[in-house]
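Here the protein sequences line up with chains A and B, keeping their order.
So the number in the working numbering is just where the residue sits in the first sequence, counting from 1, plus 43.
So the number in the working numbering is just where the residue sits in the second sequence, counting from 1, plus 47.
Just to be clear, a hint being listed does not mean it is correct.
Some residues of chain A that are not near chain B, with every Cβ distance over 10 Å (derived) [stated by the list, open to error]:
1. Asp86
2. Gln96
3. Glu125
4. Asp150
5. Asp154
6. Glu186
7. Ala235
8. Arg249
9. Arg265
10. Glu298
11. Gly306
12. Glu309
13. Cys314
Some chain A residues well away from chain B (every beta-carbon gap over 12 Å; in silico) [to be verified]:
14. Pro68
15. Ser137
16. Gly145
17. Asp151
18. Leu238
19. Leu246
20. Lys248
21. Thr283
22. His295
23. Ser310
24. Ile317
25. Asp327
26. Asn347
Pairs of lysine-lysine, DSS-like flavour, derived with a Cα cap of 30 Å [unchecked claim]:
27. A/Lys241 to A/Lys293
28. A/Lys329 to A/Lys301
29. B/Lys301 to A/Lys293
30. A/Lys73 to A/Lys248
31. B/Lys301 to A/Lys135
32. B/Lys301 to A/Lys241
33. B/Lys300 to A/Lys135
34. A/Lys248 to A/Lys301
35. A/Lys329 to A/Lys248
None of these hints come from the bench; they were simulated from the model.
The model shown is predicted, which means the values in this text are computed figures rather than measured ones.
C-beta atoms are modelled at their ideal positions from N, C-alpha and C, and glycine is treated no differently.
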Amino acid sequence: MINEPASLDNTSDNIQTGARQTAEPIVSAKALRKRFGDFTAVDGISFEVPRGQCIGLLGPNGAGKTTTMRMLMGLSTVSDGELQVLGCDARKLSRAELARIGLVPQDDNLDPDLSVRMNLEVYGRYFGVDRATVRARVPELLEFMQLSDRADARVMQLSGGMRRRLIIARALVANPELVVLDEPTTGLDPQARVLIWKQLIALRKRGVTLLLTTHYMDEAQRLCDRIIVIDHGRILDSGTPDELIERHVKGHVFEVQKPFVDGFDESAWDCEDIGDSVLVYAEDAKAFVDTVPTDTQYLHRHANLEDVFLRLTGRALREV
Amino acid sequence: MSTLFSRYALAIVWRHYLVWRSMLASSLASNVVNPTLFLFAFGFGLGAFIDTMSGVDYLAFIVPGMIAYAAMFSASFETTIGSYSRYAMQRTWDAMLASPVSLFELLWGEVLWSALKALFAAVCVLIVGWLWGGVISLSGSLLMIPVVFIASLGFASYGLFATSCARGYEFFSYFFTFWITPMFVFSGVFFEIDRFPAAVQWLAWLLPMTHLVALIRPWMTELPISPPMVVVHLGYLIGLGVLAFWLAYRNIKKRMFD
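Okay, chain A solo, but in the shape it has when bound:
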């Protein structure tokens, strides 16, 4: 809103599109690097987070996701390159900018010495929000994250899902424009994940910009407008979930068991050997089914982001 250009072309019939294209992105990284001694955690990545969108940083453990987020919050120094957050250099974010960002860290760093309610009230004070405003806001936040009946519980008494919901509520205490979420649902049960997704979607509808890291493909597919796949500190590809699927894994996946029956020619297809079987990526499912020998054993499913992810980042285990 603040960054929208004053001279919007009112004659244009798609003001919205125009605004979205010209508005300054909330986050903009150019050739961003982070080195820890000899190790390069983030190796020259460039990306933008447009206002009002949900952008996902997708990558295996140790890909550089968390480091990127920490640099963005001014919690880790930038080694090289450019990083603009809310129009300001991330190296010298002022209080005014920091007050507009909410962070949901990967690790639980709730204040164990305070109750659920006081975690929020105290955090609001860290943001400089006056006490009356915070007090009015806390019940709304608890309601939003379905924690109202646990307001007076100690943090230690909460389940993992509740803690995570409280961390998200805490990030929202000062009405941020940008919420940065580092693996918001890792380790949670499906019920807790679904609730968090629902509320994140609600936030985005209110115009809050979201930047999240995850290694859950279903999460990325459900929440993100655009996905940036990173590994070893570099961007492998980016696009909408559909674009990525289209580009890397066509529309359908056939898992063909080895040994192959006579007449099956794997070289005719875009495929990937995964050991006991081969994954065939095909745009036209019928073409595949019609061509292969009738007694071929295979599993057929729609291609998803997980296929993209594994194809791009490889199948080897990550020990980080």
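Put chain B on the given structure of chain A with help from the hints.
Below, chain B alone, put in the same frame as chain A:
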């Protein structure tokens, strides 16, 4: 100056106050019972053999020492075990720094709170000592309060410096063995340090608590102290405190943001 009293630093103090308030009973108990036990043991036990020290009733002599020790211990404990827990174990510092609170304000808030807590401990000893009949000058005791607060800002800063070097709780055993205990023994809590050999006296004067005791004991017991010495003691307490805070800030900044 505005940073020192910014609402962000005060928000950190407020957080600590809330936690402390919820444990007020235990805090009050330890702050009152500890000095009572000490004064009982030393006042009655040792006091039976020692009538006066430097011409002052022995009980009145050790009350200022106990006040300095209580403040020193309280401030040191808070910025070592307390701050280290928040920094490395609970990781609440990470959460604080993801807000507009700056690292300087966070650390200053820790130190400010620790000094307030130390002051509370000191006042508890003062009240116990006064009820026990061990306070000679009430006006001197009032003068003592701001000085104990200033010294405690320093004690908290030395603790914070230790925290900035710590890689685990074990580290603090050095801090307690080589910092807290020497001050308990060498800073003149129980007797004048001029009874030590000269070399030990020099070492004792390096310890900030020696200067605090040397300041507040004359005030509280109506012993003489020259104005230049007041300036020297205060200057040492403030100077060393500022240095420790600056070093702690530098170390922690490097550790947290690199």
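Here's how the hints hold up against the structure:
With a closest Cβ-Cβ approach of about 17 Å to chain B, aspartate 86 of chain A is found to remain outside the 10 Å limit, as its non-interface label requires. Distance check on glutamine 96 of chain A: its Cβ is at least 22 Å (rounded) from any Cβ of chain B, clearing the 10 Å threshold; non-interface status holds. Its beta-carbon lying about 18 Å from the closest one in chain B, glutamate 125 of chain A satisfies the requirement of being farther than 10 Å from that chain. The Cβ of aspartate 150 of chain A does not lie farther than 10 Å from every Cβ of chain B; its closest approach is about 6 Å, which violates its non-interface assignment.
Remark: the non-interface label on aspartate 154 of chain A conflicts with the geometry, its nearest Cβ contact in chain B lying 5 Å away (cut-off 10 Å). Residue placement check: glutamate 186 of chain A keeps its beta carbon more than 10 Å from all beta carbons of chain B (closest about 22 Å). Alanine 235 of chain A, annotated as away from the interface, keeps every beta carbon of chain B farther than 10 Å; the closest lies near 21 Å. Remark: the non-interface label on arginine 249 of chain A is consistent with the geometry, its nearest Cβ contact in chain B lying 21 Å away (cut-off 10 Å).
Separation of arginine 265 of chain A from chain B is adequate, the least Cβ-Cβ distance of about 25 Å exceeding the 10 Å criterion. The non-interface label for glutamate 298 of chain A is consistent with chain B: the shortest C-beta to C-beta separation is roughly 43 Å, beyond 10 Å. At roughly 60 Å, the least C-beta separation between glycine 306 of chain A and chain B is larger than 10 Å, which holds for a residue marked as non-interface. The claim that glutamate 309 of chain A is not at the interface with chain B holds, since no C-beta of that chain comes within 10 Å of its own (minimum 49 Å).
Chain B leaves cysteine 314 of chain A outside its interface by the beta-carbon criterion, the shortest separation being 45 Å against a cut-off of 10 Å. Non-interface call for proline 68 of chain A relative to chain B: holds, since the shortest CB-CB distance, roughly 21 Å, exceeds 12 Å. With a least CB separation of 8 Å from chain B, serine 137 of chain A falls inside the 12 Å interface cut-off, contrary to its annotation. Residue-level check failed: glycine 145 of chain A sits 8 Å from the nearest beta carbon of chain B, not beyond 12 Å.
Some Cβ of chain B comes within 12 Å of the Cβ of aspartate 151 of chain A; the nearest lies about 8 Å off, and the non-interface call is violated. For leucine 238 of chain A, the condition that its CB be more than 12 Å from all CB atoms of chain B holds, with the nearest at approximately 22 Å. Taking the minimum C-beta to C-beta distance to chain B, about 18 Å, the non-interface status of leucine 246 of chain A holds against the 12 Å cut. Against chain B, the non-interface label of lysine 248 of chain A holds: every CB pair exceeds 12 Å, the least being about 24 Å.
Taking the minimum C-beta to C-beta distance to chain B, about 29 Å, the non-interface status of threonine 283 of chain A holds against the 12 Å cut. Its beta-carbon lying about 43 Å from the closest one in chain B, histidine 295 of chain A satisfies the requirement of being farther than 12 Å from that chain. Distance check for serine 310 of chain A against chain B: the nearest CB is about 50 Å away, which clears 12 Å, and the non-interface claim stands. Distance check on isoleucine 317 of chain A: its Cβ is at least 39 Å (rounded) from any Cβ of chain B, clearing the 12 Å threshold; non-interface status holds.
The Cβ of aspartate 327 of chain A lies farther than 12 Å from every Cβ of chain B, with a closest approach of about 49 Å, so its non-interface assignment holds. The claim that asparagine 347 of chain A lies off the interface holds: its Cβ sits roughly 33 Å from the closest Cβ of chain B, which is beyond the 12 Å cut-off. As the CA atoms of lysine 241 of chain A and lysine 293 of chain A are separated by approximately 29 Å, the hinted pair is consistent with the 30 Å bound. Proximity of lysine 329 of chain A to lysine 301 of chain A is assessed by CA-CA distance (about 21 Å); at most 30 Å being required, the pair is judged to hold.
Of the supplied pair hints, the one linking lysine 301 of chain B and lysine 293 of chain A is violated, its CA atoms being roughly 47 Å apart against a limit of 30 Å. Between lysine 73 of chain A and lysine 248 of chain A the CA atoms are separated by roughly 28 Å; this keeps the pair inside 30 Å, and the hint holds. Distance check on the hinted pair: lysine 301 of chain B and lysine 135 of chain A sit about 16 Å apart at the alpha-carbon level, within 30 Å; holds. At most 30 Å may separate the alpha-carbon atoms for a hinted pair to count; lysine 301 of chain B and lysine 241 of chain A exceed this at roughly 39 Å.
Between lysine 300 of chain B and lysine 135 of chain A the CA atoms are separated by roughly 14 Å; this keeps the pair inside 30 Å, and the hint holds. With a C-alpha separation of about 47 Å, the suggested pair lysine 248 of chain A and lysine 301 of chain A falls outside the 30 Å cut-off, and the hint is violated. With a CA separation close to 38 Å, the supplied pair lysine 329 of chain A and lysine 248 of chain A exceeds the 30 Å bound.
Violated hints, listed in ascending order, are 4, 5, 15, 16, 17, 29, 32, 34 and 35; each of the other numbered hints is respected by the structure.
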